[in-house]
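Those protein sequences? They're chains A and B, same order as listed.
The working numbering puts the first residue of the first sequence at 32, with every later residue one more than the last.
The working numbering puts the first residue of the second sequence at 32, with every later residue one more than the last.
Derived from the structure by calculation, the hints contain no laboratory data.
Honestly, I wouldn't trust all of these hints.
Where chains are identical, the list cannot tell them apart; a pair therefore holds if satisfied intra-copy or between any two copies.
Below 25 Å or equal to it, Euclidean Cα-Cα: the simulated SDA-like pairs (lysine to any residue) are [what the hints assert, rightly or not]:
| id | residue 1 | residue 2 |
| --- | --- | --- |
| 1 | K259 | A245 |
| 2 | K86 | V154 |
| 3 | K259 | T218 |
| 4 | K259 | T42 |
| 5 | K259 | G45 |
| 6 | K86 | A66 |
2 protein chains.
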Amino acid sequence: MTDLQFISTTTTDGVLEREFTLGDSIHGMLWSPAAPPARSAPLVLLGHGGGRDAKALPMVGRGRHLVAAGFHAVAIDAPGHGERPRTALDDQQIAAMQEAMSTGVPVGPIVVPYNLHLAERAVPEWQATLDALEQLPGIDGPFGYFGLNMGTAIGVPLAAADARVAAAVFGIFWYDGTLAEHARRITVPVEFLLQWDDQHIPRDSGLALFDAFASTEKSLHANAGAHKEVPRFEVESMVRFFDRHLRS
Amino acid sequence: MTDLQFISTTTTDGVLEREFTLGDSIHGMLWSPAAPPARSAPLVLLGHGGGRDAKALPMVGRGRHLVAAGFHAVAIDAPGHGERPRTALDDQQIAAMQEAMSTGVPVGPIVVPYNLHLAERAVPEWQATLDALEQLPGIDGPFGYFGLNMGTAIGVPLAAADARVAAAVFGIFWYDGTLAEHARRITVPVEFLLQWDDQHIPRDSGLALFDAFASTEKSLHANAGAHKEVPRFEVESMVRFFDRHLRS
Numbered sequence: 032m033t034d035l036q037f038i039s040t041t042t043t044d045g046v047l048e049r050e051f052t053l054g055d056s057i058h059g060m061l062w063s064p065a066a067p068p069a070r071s072a073p074l075v076l077l078g079h080g081g082g083r084d085a086k087a088l089p090m091v092g093r094g095r096h097l098v099a100a101g102f103h104a105v106a107i108d109a110p111g112h113g114e115r116p117r118t119a120l121d122d123q124q125i126a127a128m129q130e131a132m133s134t135g136v137p138v139g140p141i142v143v144p145y146n147l148h149l150a151e152r153a154v155p156e157w158q159a160t161l162d163a164l165e166q167l168p169g170i171d172g173p174f175g176y177f178g179l180n181m182g183t184a185i186g187v188p189l190a191a192a193d194a195r196v197a198a199a200v201f202g203i204f205w206y207d208g209t210l211a212e213h214a215r216r217i218t219v220p221v222e223f224l225l226q227w228d229d230q231h232i233p234r235d236s237g238l239a240l241f242d243a244f245a246s247t248e249k250s251l252h253a254n255a256g257a258h259k260e261v262p263r264f265e266v267e268s269m270v271r272f273f274d275r276h277l278r279s
Numbered sequence: 032m033t034d035l036q037f038i039s040t041t042t043t044d045g046v047l048e049r050e051f052t053l054g055d056s057i058h059g060m061l062w063s064p065a066a067p068p069a070r071s072a073p074l075v076l077l078g079h080g081g082g083r084d085a086k087a088l089p090m091v092g093r094g095r096h097l098v099a100a101g102f103h104a105v106a107i108d109a110p111g112h113g114e115r116p117r118t119a120l121d122d123q124q125i126a127a128m129q130e131a132m133s134t135g136v137p138v139g140p141i142v143v144p145y146n147l148h149l150a151e152r153a154v155p156e157w158q159a160t161l162d163a164l165e166q167l168p169g170i171d172g173p174f175g176y177f178g179l180n181m182g183t184a185i186g187v188p189l190a191a192a193d194a195r196v197a198a199a200v201f202g203i204f205w206y207d208g209t210l211a212e213h214a215r216r217i218t219v220p221v222e223f224l225l226q227w228d229d230q231h232i233p234r235d236s237g238l239a240l241f242d243a244f245a246s247t248e249k250s251l252h253a254n255a256g257a258h259k260e261v262p263r264f265e266v267e268s269m270v271r272f273f274d275r276h277l278r279s
């Protein structure tokens with residue numbers, strides 16, 4: 032894969048922020064230390080949540096934060112997200128989720144299979160992105176992965192399929208038999224976030240997904256609060272986790 | 032309480048380490064910044080595990096670590112521990128625990144009521160210690176508490192009874208109705224450790240105890256591994272937790 036194109040470049044507070052395309056489908060953001068010559072550092076993959084994209088504010092914040100802590104970071108738009116075209120299935124599933132949300136019907140039975148379907152399309156795109164980025168000067172493997180919600184539905188199959196992912200932070204997702212099969216093939220260190228008072232994800236479902244990982248080093252961080260109330264200090268914890276596992 | 036006596040004082044690597052007695056029963060260790068004038072800093076109470084005492088190596092390590100991070104730290108011997116006399120009940124319970132351990136019988140039904148009995152004796156001793164220490168120059172309230180195993184059996188009733196405990200790290204203990212009643216009266220921030228593969232404490236029992244705390248800010252850290260395999264990085268997490276909650 033040699034068609035990586037940087038389509039815009041900005042530098043803010045020591046962070047080099049590059050928007051890129053790869054082939055016809057992949058669009059993403061790469062955050063790197065700006066100091067020349069580009070410092071060699073490990074790369075952390077950022078998987079965004081449903082309805083967001085690589086340029087969403089939480090991605091930009093985490094990307095810059097990781098660069099300040101001495102990493103590169105990259106995010107790519109999931110299929111049907113950002114400016115990527117939606118399929119008829121995308122439209123139908125999004126409508127079904129919105130309908131469930133507005134009527135108070137459990138949303139998990141819609142989100143889980145739809146996100147796993149997106150993962151089948153997203154995993155090869157992440158792998159093509161890694162193929163391209165590992166050619167760049169200053170980017171060290173192996174890689175870390177951070178993604179909650181849909182970022183977990185995509186990241187778990189990715190980490191199960193690609194040995195370049197050496198440590199991963201997942202969470203805020205339902206137990207599912209297919210997803211658990213992927214989790215049982217993951218042996219790298221895992222940090223897993225769960226919201227103790229999640230109004231969408233039953234507590235036992237999140238605990239069962241954490242339990243499925245085969246990793247001998249795995250940590251569950253379960254915080255009091257609702258689905259979207261993941262505490263900000265978990266970003267610091269994520270940085271320290273990658274410090275422990277991606278520095279050689 | 033004015034009979035606080037420092038019986039030995041050493042200074043190592045910037046840490047002033049003072050062994051003290053208070054009245055006839057209390058014996059403990061106080062770790063403080065050595066730099067004169069004594070820096071004013073919050074105090075963290077360290078509750079030791081069963082069979083250990085205030086001078087045990089994990090206590091000394093955590094005390095010095097906390098001082099390096101800008102805190103004072105204190106540990107006192109629990110009743111029947113260290114050089115304190117044992118009662119007939121102490122001897123009987125310790126023998127029963129050793130018997131259970133050697134025969135593979137569940138040890139929880141012995142440890143839990145015995146440790147809660149010790150807590151009834153230990154809580155007033157901790158409170159007397161706080162009464163004395165808060166008179167010392169350089170020690171700021173409110174206080175933090177860190178204690179696992181028996182340190183949780185003692186610390187939970189202490190934190191429920193004494194509003195000077197403003198943040199606490201507990202864990203590695205069984206659910207029990209009496210202990211949970213105390214936990215339901217605790218509203219300060221709590222970090223709670225659980226070993227996912229604990230051979231003595233059933234997973235659901237630990238999760239139920241975490242669930243009992245009334246705190247709106249509480250975080251469960253469940254790590255893969257057996258009863259005694261709490262990862263070392265949890266000490267760092269404890270320091271950051273107290274940084275967030277004890278600095279005004």
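Indicate which option fits the pair K259, A245 if close means a Cα-Cα distance not exceeding 25 Å: within, between, both or neither.
between (27 Å within a copy, 20 Å between copies)
Homomeric proximity label, K259 with T42: Cα distance no greater than 25 Å
Classified as neither: same-chain Cα gap 30 Å, cross-chain 48 Å, threshold 25 Å.
At 25 Å max between alpha carbons, let me know whether K86 reaches V154 within a copy, between copies, both or neither.
within (19 Å within a copy, 53 Å between copies)
Since the copies are identical, ignore which copy is meant and state whether K259 and G45 lie within 25 Å (CA to CA) inside a copy, between copies, both or neither.
neither (30 Å within a copy, 43 Å between copies)
At most 25 Å between alpha carbons: which applies to K259 and T218, within, between, both or neither?
between (28 Å within a copy, 22 Å between copies)
Within a copy, between copies, both or neither: which one fits K86 and A66 at a CA-CA cutoff of 25 Å?
within (22 Å within a copy, 48 Å between copies)
When the structure is compared with the earlier hints, violations turn up for hints 4 and 5 and for no others.
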